[in-house]
Amino acid sequence: MAAEIIRIPCLQDNYAWVLHDAESRITLCVDVPDADPVLAALTSRGWLLTDILLTHHHDDHIQGVEALKAATGAKVTGAATDAHRLPALDRSVQPGDSFTLGALSIEVLDAPGHTLGHIAYYIPAAKAAFTGDSLMAFGCGRLFEGTAAQMWQTLSRLKALPGETLIYSGHEYSLSNARFALTIEPSNPTLAARAREIEAARAAGEPTLPVLLSTECSTNPFLRVSEPAIRATLGLPSASDAEVFAEIRARKDRF
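Here the numbering used here is used: the first residue of the sequence shown is -1, the next is one more, and so on.
For the record, the hints were derived by calculation from the structure and aren't laboratory data.
Errors might be hidden in some of the hints.
List of simulated lysine-lysine pairs, DSS-like, C-alpha gap at most 27 Å [said to hold, decoys possible]: (1) K157 <-> K67; (2) K157 <-> K125; (3) K73 <-> K125.
Just so it is clear, the structure is predicted and the values come from calculations on it, not from any experiment.
All chains should be built: construct the whole structure from the sequences, respecting the hints.
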């Protein structure tokens, strides 16, 4: 398919993502931190928004939904379990569901940890996963509601997607995440090289997302908990993967 996906900076460090499929005339926005920049991007391209997909209930991902819906008439999709704390939903979905928008087949993935009702959206034809605040570049979301075990299961689920999948996460956190990653796996040359690229990109004011899942698998310590070098650094050579993940997450919280 020939879908186009654009990045829309919002607030301080959030991104909204808009996917446009010219053939089926489907245009969807994943999360709406702020309606105005999304509307500006749509207007400049002459796109009519048809759908809004929500990953979780935090204000910095949903506070622009009502204004954007009012301006466009787009239908809102979100997790049924979080319907009580999301804007009014036109489509309620559960993890494991799939639905179609035009020619797009969209899979709903369970992604708890950051929040209990967090979901992600995988669109195989676009080779795209919209992960909100679950999997991020070099990192993962802070555990506000869920447990380390839940987040580890979420990351394991996302890690199992095809390596050519592009990860579209909700924040521009790559620079701080890369600096932390180097404290966990300082001897990883691929990580060191990528961290230098991120430093240069951010110094030039350039975005760092989306990122290939295969790149994350080679540089994101939260996906690399089975690596002997990481376990040695943490002093956890025989711990379970979930225990190693929990230690990395705890260190990131203190970083």
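Hints, one by one, checked against the model:
1. K157 <-> K67: Roughly 33 Å separates the two Cα atoms, so the pair is violated.
2. K157 <-> K125: OK: K157 and K125 at ~14 Å, within 27 Å.
3. K73 <-> K125: holds, 23 Å
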